[in-house]
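Required output: the full structure, derived from the provided sequences and hints.
First to last, the protein sequences are chains U and L. Counting from 0, one number per residue, gives the positions in the first sequence under numbering that gives the first Met the number 0. Counting from 0, one number per residue, gives the positions in the second sequence under numbering that gives the first Met the number 0.
It should be emphasised that the hints constitute simulated quantities derived from the structure, not laboratory data. The C-beta atom is built at its ideal place from N, Cα and C for all residues, glycine as well. Keep in mind that a hint or two might mislead.
FRET-style restraints, in silico, Cβ to Cβ [as the list claims (entries may be wrong)]: (1) L:G39 - U:G612: 49 to 59 Å; (2) L:A163 - U:R429: 51 to 61 Å; (3) U:G612 - L:I84: 31 to 41 Å; (4) L:F52 - U:E600: 47 to 57 Å; (5) U:L471 - L:K107: 48 to 58 Å; (6) U:Q626 - L:D122: 55 to 65 Å; (7) U:E600 - L:I84: 51 to 61 Å; (8) L:K107 - U:R429: 43 to 53 Å; (9) U:E389 - L:A25: 21 to 31 Å.
Non-contacting residues of chain L with respect to chain U, defined by C-beta distances greater than 12 Å in every case (computed) [to be verified]: (10) A29; (11) A32; (12) L81; (13) T87; (14) V103; (15) G108; (16) G109; (17) E152; (18) H191; (19) R206.
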Amino acid sequence: MAPSGSGRSEGKLSHAEWRAEQELRALIDTVPAHIWRADAVGRINFLNQRGADFIGRGARTWPEIVHPHDLFEYEARWDKALRSGTAFEAEVRLLRTDGQHRWFIVRAAPQRDATGQVVSWFGINTDIDGLKPPGAQGERTEEDERTVIDAIPAHIWTLNADGSPDYLNRRRIEYTGPDIDFLAIIHPDDRPEHDKLWEMALATGKSIQLEVRLRRFDGTYRWFLFRAEPQHDTNGRVVKWFGTNTDIDDLRRAEVALRRSEAYLADAQRLSKTGTLGWPGDASRTFWSDETYRILGYERSIDPSMERVFERIHPEDVDGLRRAVDRARDEGSDMSVELRMVATDGSFKHLRIVGRPMRQVSGESEFIGAITDITAARQSEEALQRAHSELAHVTRVATLGELTASIAHEVNQPLAGIVTNGEACLRWLRRDVPNLEEAAGSVGRIISDGRRAGEVVRRLRALARKDEPRRLPLDINDVVEESLPLVRHEFSRRDVTLELALSQGLPLVLGDRVQLQQVVINLIVNGIQAMSDITDRPGILTISSRVDEARGNDVNEVTLAVRDCGVGVDPAGSDRLFDPFFTTRAEGMGMGLSICRSIIEAHGGRIWVATNGAVGAVFLFALPAHQGGIS
Amino acid sequence: MIRTPAAGGASVAPPGSLVCVVEDDASFRAALASLLGSVGHKVAAFDSAAAFFRDAPQDSVGCLVIDIRLPGISGLQFQEELSRIGSTIPIVFMTGHGDVGMSVKAMKGGAVDFLEKPFRDQDMLDAVAAAMERDRQRRDSDRAALAVRSAFETLTPREKEVMAFVTAGLMNKQIAAEIGLSEITVKIHRGHLMRKMAARSVAELVRMADQLDVRSPPRNRDPRRAIET
Numbered sequence: 000m001a002p003s004g005s006g007r008s009e010g011k012l013s014h015a016e017w018r019a020e021q022e023l024r025a026l027i028d029t030v031p032a033h034i035w036r037a038d039a040v041g042r043i044n045f046l047n048q049r050g051a052d053f054i055g056r057g058a059r060t061w062p063e064i065v066h067p068h069d070l071f072e073y074e075a076r077w078d079k080a081l082r083s084g085t086a087f088e089a090e091v092r093l094l095r096t097d098g099q100h101r102w103f104i105v106r107a108a109p110q111r112d113a114t115g116q117v118v119s120w121f122g123i124n125t126d127i128d129g130l131k132p133p134g135a136q137g138e139r140t141e142e143d144e145r146t147v148i149d150a151i152p153a154h155i156w157t158l159n160a161d162g163s164p165d166y167l168n169r170r171r172i173e174y175t176g177p178d179i180d181f182l183a184i185i186h187p188d189d190r191p192e193h194d195k196l197w198e199m200a201l202a203t204g205k206s207i208q209l210e211v212r213l214r215r216f217d218g219t220y221r222w223f224l225f226r227a228e229p230q231h232d233t234n235g236r237v238v239k240w241f242g243t244n245t246d247i248d249d250l251r252r253a254e255v256a257l258r259r260s261e262a263y264l265a266d267a268q269r270l271s272k273t274g275t276l277g278w279p280g281d282a283s284r285t286f287w288s289d290e291t292y293r294i295l296g297y298e299r300s301i302d303p304s305m306e307r308v309f310e311r312i313h314p315e316d317v318d319g320l321r322r323a324v325d326r327a328r329d330e331g332s333d334m335s336v337e338l339r340m341v342a343t344d345g346s347f348k349h350l351r352i353v354g355r356p357m358r359q360v361s362g363e364s365e366f367i368g369a370i371t372d373i374t375a376a377r378q379s380e381e382a383l384q385r386a387h388s389e390l391a392h393v394t395r396v397a398t399l400g401e402l403t404a405s406i407a408h409e410v411n412q413p414l415a416g417i418v419t420n421g422e423a424c425l426r427w428l429r430r431d432v433p434n435l436e437e438a439a440g441s442v443g444r445i446i447s448d449g450r451r452a453g454e455v456v457r458r459l460r461a462l463a464r465k466d467e468p469r470r471l472p473l474d475i476n477d478v479v480e481e482s483l484p485l486v487r488h489e490f491s492r493r494d495v496t497l498e499l500a501l502s503q504g505l506p507l508v509l510g511d512r513v514q515l516q517q518v519v520i521n522l523i524v525n526g527i528q529a530m531s532d533i534t535d536r537p538g539i540l541t542i543s544s545r546v547d548e549a550r551g552n553d554v555n556e557v558t559l560a561v562r563d564c565g566v567g568v569d570p571a572g573s574d575r576l577f578d579p580f581f582t583t584r585a586e587g588m589g590m591g592l593s594i595c596r597s598i599i600e601a602h603g604g605r606i607w608v609a610t611n612g613a614v615g616a617v618f619l620f621a622l623p624a625h626q627g628g629i630s
Numbered sequence: 000m001i002r003t004p005a006a007g008g009a010s011v012a013p014p015g016s017l018v019c020v021v022e023d024d025a026s027f028r029a030a031l032a033s034l035l036g037s038v039g040h041k042v043a044a045f046d047s048a049a050a051f052f053r054d055a056p057q058d059s060v061g062c063l064v065i066d067i068r069l070p071g072i073s074g075l076q077f078q079e080e081l082s083r084i085g086s087t088i089p090i091v092f093m094t095g096h097g098d099v100g101m102s103v104k105a106m107k108g109g110a111v112d113f114l115e116k117p118f119r120d121q122d123m124l125d126a127v128a129a130a131m132e133r134d135r136q137r138r139d140s141d142r143a144a145l146a147v148r149s150a151f152e153t154l155t156p157r158e159k160e161v162m163a164f165v166t167a168g169l170m171n172k173q174i175a176a177e178i179g180l181s182e183i184t185v186k187i188h189r190g191h192l193m194r195k196m197a198a199r200s201v202a203e204l205v206r207m208a209d210q211l212d213v214r215s216p217p218r219n220r221d222p223r224r225a226i227e228t
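Okay, here's the thing in structure tokens:
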């Protein structure tokens, strides 16, 4: 409503009419009451001088001038009158310009046109302050009010100005039982805070509120929101305190649980170096957890966005991440990528980002992700790999040490060939008639012997060198053939016959040539040594290769078997054979088979041992076939 | 069997003229064959003991040059096998690296020499020459023994009996008493057998008897029997 000042009628009037209106206006302005007119929907469009003096000029609405306690009732009556078109009456406190409320009777009646339609309302507000006893509650019966008050799910009470109890509703009594002393039911821990505030309230006459635990009849405490509001008399003195205690225990529990859960989550994120991010269709609502900020190295104050994530990603990995995100969104599938991040200080971090597109209840699709700093894991993984490769190298060199005799023989043989061929060549040349054909044959053999010696040395150096493992497609048969020169002499030294049963046309496997040679050499030497004490049967070592057809979704496997007829293995201890430092030989370090296993497992394969029929053992390893290509 | 061009037709090689090389390393085998061929030896080369036993014309073999470590059968087993079948072919062993135990065994088994690879060519040629010489001597002595044996087979039983007593050191008179003949008859038998055996002296006859393992029958020590005769 917009109470206005004196209205000014429009149009031309006769002098007599003008005089009559002036008189009427003077009358209206002088009557000791507020006289007003409102339009058909209740908007006041005229207010007399007294009304304007009381309420003040300017745009003020009913809710601003009607006392809050009376407003609900007042609006309900107005509403009813407007709808029914019947006269309206209410007792309300109205706010004077000086901030004081005074009791009024507000009465209004409708004015109708010829058709009976309400066109406006005429109202009068009569000041009844002083006539009205303090605390009067209008026409409601006390019983009605009690019913209402008791129905409200809260404790409702009033205290006298000095703080002594005046009224308690049923719920409040039910809560505590017969013991109604309020101070006695406050949790001891909450007393100091309560007492302090209450003292302050009594001293200042201001409303207070606080959360306290109150003891129930059964002895349990529940959290309540305690509020007290003073009622003042016309002189501004507190005459009564109105209060409510609202049960917030469940709310508070939920809040505590939520806070704890959030704390746990934050701790877990911190510990696991995993942050979460939400990326809704509406990019302005992108969410990052604290840990995400920390991992990405952004201040908490910046607005999260996917672009800011991309800014941190290593330039070479950005496209990969974009593609992964797009694919996950398009296909509705999960994504998981590992990539590098460039921190603000220029250092690298390794991140794993996993994500899943989700459809929210609202129907909007959102991308939920987790971002994990895997730098430490990656570094220890790399360190482990380095250690593993170094250990493999050390044991390889140790194996070469054990094979010194074989290797010396393998180098000596071509050297002896070179010397003898050279001497023969000279003799053919020094003949009376030099035999050039024989001499040329000798020189040819010298060259091939030289190459042979060089090849042995090259292989030795490859085995002795400490190289990073390199995976290349290779034929396992070649690995066997290349390993044999280094151990050939072991066979004759121990009177063992070698039988090769290598299948042709095997699929290639992806592997490190030197490491696989190491495995083959180890298995051969083991097999030969297992037969060194055998006298009742010829020592035969069989090396065979084969391809095993894939079962189910597996890829084909290439299997190499090294079969001896030696002392065999104890079935009970066959698992321990591959453990580090497990050895049955006095001079053995016990690392050979353990290294074989870690090499084969690093190649995605497996290694195992079986008994070779009645006598001896067979060591086998299987490697997954490399996709693409037959040897 | 692998032959070098210089070896010529080994199958028609005269007895004891062929040098056989047994070596599993093809290049070294060829080198050795070539070296031996360059000084005029007939050479046959084999990659294993089994090939040697299967293909070598045993009678032609004058000497063997073998690696002490051979696949399948070792050089020492080879040596044992040869002696088991009664072969006395002289052997020169080669080894990739020194092995005192093996070389001692090889020499005890009758090896001519033991050469470590790489060896000086002259050492090998000397060793082969020595082995061939030993073979030649063996063949000569075999031939002589054969002659003695066939001469012995021409003797009559009585002559063989007299030979046994003669080589046991008995006088004609004692022999006559032993076998119950007159001394003059013993003397005639003795003259015949000395001529048949081509023995120029009793000492030579004793050597032949040793070679033939002729033993004198047990002496008749019964005095009664002596009186009766």
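Taking C-beta pairs only, is L:G108 more than 12 Å away from all of chain U? Non-interface label on L:G108 holds, nearest chain U Cβ at 17 Å vs cutoff 12 Å.
Quick one: are U:G612 and L:I84 within 31 to 41 Å, going by C-beta? Given about 35 Å between the Cβ atoms, the range holds.
May I ask you to test the hint 47 to 57 Å on the CB atoms belonging to L:F52 and U:E600? For L:F52 and U:E600 the Cβ distance comes to about 49 Å; the hint holds.
Pairwise beta carbon distance, L:G39 to U:G612, judged against the given window 49 to 59 Å: 54 Å, holds
Confirm or reject the claim that L:A163 and U:R429 have a C-beta distance inside 51 to 61 Å. 60 Å, holds
Honestly, do U:L471 and L:K107 meet the 48 to 58 Å range at C-beta? Since U:L471 and L:K107 have Cβ atoms about 53 Å apart, the given range 48 to 58 Å holds.
Cβ-Cβ distance between U:E389 and L:A25: within 21 to 31 Å? 40 Å, violated
Would L:T87 pass as off the interface with chain U, using Cβ distances and a cut of 12 Å? Holds: least Cβ distance 26 Å, greater than 12 Å.
Would L:A29 pass as off the interface with chain U, using Cβ distances and a cut of 12 Å? 6 Å, violated
In this structure, is the beta-carbon distance linking U:Q626 and L:D122 contained in 55 to 65 Å? 59 Å, holds
Could one say that the CB atoms of U:E600 and L:I84 fall in the range 51 to 61 Å? 54 Å, holds
Confirm or reject: L:L81 is not an interface residue toward chain U, with every Cβ-Cβ distance exceeding 12 Å. 18 Å, holds
In this structure, the earlier hints numbered 8, 9, 10, 11 are contradicted, and the remaining ones agree with it.
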